[in-house]
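Asks: Here's the letter readout for the chains.
2 protein chains.
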Amino acid sequence: MSQLRRDPITGRWIIVDITNPKRPEDFDLKPQVKKGGVCPFCPGNEKMTPPEVGAKRNRRSKPDTPGWSVRTVPNKFPALRMEGGLDKRGIGLYDMTNGVGAHEVIIETPDHERDMADLTQGELKNVVLQYRARSLDLEKDKRFNYILIFKNHGASAGASLEHTHTQLVALPIVPKRVKEELKGSTNYFSYRERCVFCDMMAQERQDKLRVISENKDFISFCPFVPRFAFETWILPKLHNQNFKSIDNKRAASLAVILKDTLSRLKIVLKDPPYNFIIHTAPIRDGINEEFHWHLEIMPKLTNVAGFEWGSGFYINPTSPELAAKYLREVK
Amino acid sequence: MSQLRRDPITGRWIIVDITNPKRPEDFDLKPQVKKGGVCPFCPGNEKMTPPEVGAKRNRRSKPDTPGWSVRTVPNKFPALRMEGGLDKRGIGLYDMTNGVGAHEVIIETPDHERDMADLTQGELKNVVLQYRARSLDLEKDKRFNYILIFKNHGASAGASLEHTHTQLVALPIVPKRVKEELKGSTNYFSYRERCVFCDMMAQERQDKLRVISENKDFISFCPFVPRFAFETWILPKLHNQNFKSIDNKRAASLAVILKDTLSRLKIVLKDPPYNFIIHTAPIRDGINEEFHWHLEIMPKLTNVAGFEWGSGFYINPTSPELAAKYLREVK
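One line per chain: the protein sequences are A and B, in this order. In terms of the numbering used here, the first sequence opens at residue 45 and continues consecutively. In terms of the numbering used here, the second sequence opens at residue 45 and continues consecutively.
In isolation and in its complexed conformation, chain A is listed as follows (with noise of 0.2 Å):
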């Protein structure tokens, strides 16, 4: 069991586990990708993870078998839980709520041995697909109002397994980072009459500085104001708030670009650890007409520490225009 806490100083939340909680015995400080034993994202081990809520497979195949191409499944550890409603409730000067949501994780290919980027376009796009099925699926359920869809790739940047996989979070709370960009994406489309994400595309393809690569529907690039050395953003070039409403075509060429973008970053960096996100309007929540949906590249080279949690500010020690530069150039 988890609660959803709320500070009442700033609103932020936190997830905090109740019933399996972790004791100081329990933190492992130099943490690994788990490697060797029985995987259990591999063919022939799906008893070994909840049963399937979704995947790509042969016509033939059935659930919980070999014949997948890509595979969800729940999370067996998840941060929250779809049991329950949301019961929100206040301990005096406190908020709370049960941990009701979707933890899911997506196994984007059977192959235990290959990684996001050298997956083949056509593999990457059924995985690109099987967001969208997902994002589809859980955004019936009343309860939640937003789904945030990640990656860790690396220890460092939280993977614990070694098996390529994305995961899916289904929250009844729009979370903050998410609301700070519509806010300000509000503010900017009040103000000038245009999506801020637009304008910064246009910028961007007219400075050059740090765009890395663009297709017809794409464009990837270092944005101005990275918090992390190499940070790489990915834009659709139409405006439009929902990732969910990507359509086929355009789900081949995000593959297309997003197999391009972190094929350079794993050669510039030696595959260094990352996390992406793809951040998207909310489920309900108004129309959010000024908002553009994205993915956000977060390669994991330095430690944050006290400064950044302190201010919020960021000390990246690369311009975005070099990092750009670098993963540009790269054969």
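Hints may contain errors.
[What the hints assert, rightly or not] Straight line, CA to CA, 25 Å or less: simulated DSS-like cross-link-like pairs of lysine-lysine:
1. A:Lys369 x B:Lys223
2. B:Lys74 x A:Lys310
3. A:Lys260 x A:Lys281
4. A:Lys79 x B:Lys293
5. B:Lys66 x A:Lys314
6. A:Lys227 x B:Lys74
7. A:Lys91 x A:Lys132
8. B:Lys281 x B:Lys223
9. A:Lys227 x B:Lys66
10. B:Lys220 x A:Lys375
[Said to hold, decoys possible] Chain A stretches covered by chain B per the calculated footprint, using a threshold of three residues with CB under 8 Å from any CB of chain B:
11. 61-68
12. 270-281
13. 289-298
14. 339-347
15. 352-366
Bear in mind the hints are in silico, worked out from the structure with no lab data behind them. C-beta: ideal position from N, C-alpha, C; glycine also.
Following the hints, position chain B against chain A.
Replies: Just chain B now, kept in the frame of chain A:
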């Protein structure tokens, strides 16, 4: 040279190094605290640092020679520099300014072998008084609007030198995190006409569940909404927005509870990496009577991953009630 850059979407600022950037080969993915060799913070090596800007010294000793018990020097590799004006300007959509600021290192003891928890209460009092002295000195510079005092202990918390030290950054801009706390405490105050931190303290003293220890002037507790496992806050009991106004008696009280709290964390978590930060009101920018200065200690036991970066939510595997129990009960 560094630049301060402002994100046009969320208003987040970063500091980016323009002249001595890190290149792909410069990142060390397994950072370690430098050990062995000549320590620039040890007595006798005072010439290895920039000239000192403050110290607690024997009366007969001269600056930049031995004879000090606490010593403050400018950071040799500062994130921000003292030279020049602010020079705010736009580049198309984007905003930036020169990286003007101060970045100092407070060497807490001449003794290389001890960490902060090992210092005596008297030594720690002098460290606290040095924090105050540097705050009062730097706030005279009209370019600065905020002074952030923070500490990184252990490699994965961002420490690079072993000899125990605190850092201080004077900033031309009030940091985002502080603004969030100011806004939250102001909202609370305008609704209830009370300080949210004072109310929190009252509830903690009543509940007792999350309290670790207290003395006449300070309380140490695990907050109800901790981002990190074993996160611990120290609050002054007397409502006051400014750390810099701490008197000598209360500086001694803070030293007592700080030593007690750091020692408990050190024993229970076996010398964990941690950051601490002091949040105080901005130098200028209104009176901020609603605010209440405090110290936040954040052990670094888990990795911050895609979910946290994407949402601004935190997943905490240890409830503050359990963490406080461990910290309270340790001998």
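Asks: Against this structure, judge whether each hint is valid.
Replies: Hint check results:
1. A:Lys369 x B:Lys223: violated, 35 Å
2. B:Lys74 x A:Lys310: The given pair, whose Cα atoms are some 18 Å apart, holds under the 25 Å limit.
3. A:Lys260 x A:Lys281: holds, 8 Å
4. A:Lys79 x B:Lys293: violated, 55 Å
5. B:Lys66 x A:Lys314: Given pair lysine 66 of chain B, lysine 314 of chain A holds - Cα atoms ~15 Å apart, limit 25 Å.
6. A:Lys227 x B:Lys74: violated, 37 Å
7. A:Lys91 x A:Lys132: violated, 35 Å
8. B:Lys281 x B:Lys223: holds, 22 Å
9. A:Lys227 x B:Lys66: This hinted pair is violated, its Cα atoms lying about 33 Å apart.
10. B:Lys220 x A:Lys375: violated, 39 Å
11. 61-68: holds (count 6)
12. 270-281: holds (count 4)
13. 289-298: Result for this restraint: violated, n = 0.
14. 339-347: holds (count 5)
15. 352-366: The restraint on the segment 352-366 of chain A holds, since 13 of its residues have a Cβ under 8 Å from chain B and three suffice.
Checked against the numbered hints given earlier, this structure breaks hints 1, 4, 6, 7, 9, 10 and 13; the rest are met.
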